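A.B. asks: So you can see what is in the structure, the chains are spelled out below.
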Amino acid sequence: MSVTHDDVLKIARLAELDVGEEALPLLAEQMSRILDYVRQINSVPASEALRPFVPGPDAAHFRPDDVKPWPLAFGPEKLAPAFKDGFFLVPKLGAFEVPEA
Amino acid sequence: MTDPSEALASANAAADRLVRAKRLNACITPPRELRKSLVAQAQAAHPSGVLYGMPVAVKDVICTLEFTTTCSSKILEGYHSPYEATAVAKLKAAGALIAGKTNCDEFAMGSSTEHSAHGRTLHPFDKTRVPGGSSGGSAALVAVGAVPAALGSETGGSVRQPASLCGVVGIKPTYGRVSRSGLVAFGSSLDQIGVLGRSVHDAARVLAVISGRDARDSTCEDRDPLRLPNVPESLQGFVIGIPKEYFPPDLDPAVRRACDRAIRLLKELGAAVREVSLPHTPYAVPTYYIVAPAEASSNLARYDGARYGPRFNGAADVRALYRSTRGEGFGAEVRRRILLGTYVLSAGYYDAYYRKAQQMRALIAQDFRNAFDRGVDLLFTPTTPTAAFKAGERLGDPVAMYLSDIFTVTANLAGLPAISIPIGRIKGLPIGGQFIGQAFLEDEMLEAAYALERVVPATEEA
Chain A
1 MSVTHDDVLK
11 IARLAELDVG
21 EEALPLLAEQ
31 MSRILDYVRQ
41 INSVPASEAL
51 RPFVPGPDAA
61 HFRPDDVKPW
71 PLAFGPEKLA
81 PAFKDGFFLV
91 PKLGAFEVPE
101 A
Chain B
1 MTDPSEALAS
11 ANAAADRLVR
21 AKRLNACITP
31 PRELRKSLVA
41 QAQAAHPSGV
51 LYGMPVAVKD
61 VICTLEFTTT
71 CSSKILEGYH
81 SPYEATAVAK
91 LKAAGALIAG
101 KTNCDEFAMG
111 SSTEHSAHGR
121 TLHPFDKTRV
131 PGGSSGGSAA
141 LVAVGAVPAA
151 LGSETGGSVR
161 QPASLCGVVG
171 IKPTYGRVSR
181 SGLVAFGSSL
191 DQIGVLGRSV
201 HDAARVLAVI
211 SGRDARDSTC
221 EDRDPLRLPN
231 VPESLQGFVI
241 GIPKEYFPPD
251 LDPAVRRACD
261 RAIRLLKELG
271 AAVREVSLPH
281 TPYAVPTYYI
291 VAPAEASSNL
301 ARYDGARYGP
311 RFNGAADVRA
321 LYRSTRGEGF
331 GAEVRRRILL
341 GTYVLSAGYY
351 DAYYRKAQQM
361 RALIAQDFRN
371 AFDRGVDLLF
381 TPTTPTAAFK
391 AGERLGDPVA
401 MYLSDIFTVT
411 ANLAGLPAIS
421 IPIGRIKGLP
431 IGGQFIGQAF
441 LEDEMLEAAY
451 ALERVVPATE
461 EA
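Protein chains in written order, with the working numbering: chain A, 1 to 101; chain B, 1 to 462.
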């Protein structure tokens, strides 16, 4: 398998996603199979000079730089799990982890 | 229809039909709420609209003011959007009635409508099978006649694949033809709102209404709405390419027979048919399953329990809140794709996967340009490699599930328009054929689809 349990846990931390121990074997196995499958694109040489394909308009069209309120039917106080005095409420920030070397 | 009493009758009839279709688990709006809303919309609709009184169901990844928008996910359970999608606003301005929200794979990630917090949608003709996905609810409702048309969304074939499996028409417009404002983002460089309809005409007239410029979406082209072409008498003057890579030796013989029959009919209609090659087609699914999860991992970062939807578990700090909410709120397929996307974007793997996939995407788009530059107007291919498969059959094998989209992902990667129409049956199950057109030439694609639809024996065995 190309993806280990530790790889899954590391990626899950980056993705801010809880992954239980019991889910690790299946996730590692499935991610390995998917990555082994998609890796076949490396068998095709592609020129570094190839212009990336970006769909949509050739150039972004800009709007006037005016601050306008988005016409919302209701405000964030109705959407948010916790909202007070114009702020989204969350638990304390806590200690952020030191990035791994 | 211009009479308000007819619009009211249409609203009630649609509500009745949607109740009868409840066994499919295709519409997730509660029947009483749906009827009340349909009646209110019929009373408020303007009779001069070109879709006046027409019920149109909307996939649950497209924001509406009338109903919740949950993306079929626990993480958006009960979520009411404070604004509606531009496509929905345009439908309402044209007098259409929004006929509830349709079930789909969670955040439109799937090919079977089995990955839904609302439970799976049944195939309209065989309850042991899947309707395809991710717009499976929309396709199933159109297939049983509950609504004449429904909105879906496409990232890798999520309108055309279920259209093929359910025996209805599915259109994916050119990237930039329809505003994405109010379409919940999955893969922003691939996503487009599409239409499913009973016929090419039903789907096309809805597409014409929702198309056109929108200041709220900078990726929407500054173009007038699509003008519907006339139904052509013949296809004289059309050159239709048959890409050999879409007809591999191991293609289901019945799918091949259905396509061969359709190609014969295209020739009889006067079209010139020639074989073409799109050599990078075999790499389309691997490319897609790098690009789409990468974009999804970024787009779905916003669901963290701080601003939308429910929170799960009593987290001690904000980071634990993010992780527990996302860990519990997302289903298995979405979790897998977020992890995959994060992996291919992470330091050390970016060049080998994401950067390489971007190069491959450019080669796939170049293949299409080469074919069109050589005088081909349209391409014709099977939409799906098989008819509807059994529920549960591919759940344990993500790669097998991903290969359901093998003939559809290319149009998304290249940003091209495509349409699937029913071309026959395999042991009673529908199968579709697909036209892929040139960017912003939907009118040519629709002409060919109109012509083929009139002559193809869509309900006969291939």
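Hints in this document: simulated from the structure, not taken from any laboratory.
All figures in this text were calculated on a predicted structure; none of them were measured in a lab.
Even for Gly, the Cβ is constructed at its ideal location relative to N, Cα and C.
Honestly, I wouldn't trust all of these hints.
[Stated by the list, open to error] Computed cross-link-like contacts, DSS-like style, restricted to lysine-lysine with a CA-CA straight-line distance of at most 25 Å:
(1) K267/B to K244/B
(2) K10/A to K78/A
(3) K36/B to K78/A
(4) K22/B to K36/B
(5) K390/B to K127/B
(6) K78/A to K74/B
[What the hints assert, rightly or not] Quick list of simulated restraints, FRET-style, between CB atoms:
(7) K68/A to S188/B: 50 to 58 Å
(8) E22/A to D351/B: 30 to 38 Å
(9) F83/A to E33/B: 23 to 31 Å
(10) A60/A to D351/B: 20 to 28 Å
(11) E328/B to E77/A: 22 to 30 Å
(12) E328/B to L14/A: 17 to 25 Å
(13) A316/B to P25/A: 27 to 35 Å
(14) D224/B to A60/A: 39 to 47 Å
(15) S188/B to D66/A: 44 to 52 Å
(16) D351/B to D85/A: 42 to 50 Å
A.B. asks: Now look at each hint and say whether the structure bears it out.
C.D. replies: Checked hints:
no.: 1; hint: K267/B to K244/B; verdict: 17 Å, holds
no.: 2; hint: K10/A to K78/A; verdict: 35 Å, violated
no.: 3; hint: K36/B to K78/A; verdict: 23 Å, holds
no.: 4; hint: K22/B to K36/B; verdict: 17 Å, holds
no.: 5; hint: K390/B to K127/B; verdict: 9 Å, holds
no.: 6; hint: K78/A to K74/B; verdict: 18 Å, holds
no.: 7; hint: K68/A to S188/B: 50 to 58 Å; verdict: 23 Å, violated
no.: 8; hint: E22/A to D351/B: 30 to 38 Å; verdict: 33 Å, holds
no.: 9; hint: F83/A to E33/B: 23 to 31 Å; verdict: 26 Å, holds
no.: 10; hint: A60/A to D351/B: 20 to 28 Å; verdict: 27 Å, holds
no.: 11; hint: E328/B to E77/A: 22 to 30 Å; verdict: 24 Å, holds
no.: 12; hint: E328/B to L14/A: 17 to 25 Å; verdict: 18 Å, holds
no.: 13; hint: A316/B to P25/A: 27 to 35 Å; verdict: 28 Å, holds
no.: 14; hint: D224/B to A60/A: 39 to 47 Å; verdict: 20 Å, violated
no.: 15; hint: S188/B to D66/A: 44 to 52 Å; verdict: 24 Å, violated
no.: 16; hint: D351/B to D85/A: 42 to 50 Å; verdict: 46 Å, holds
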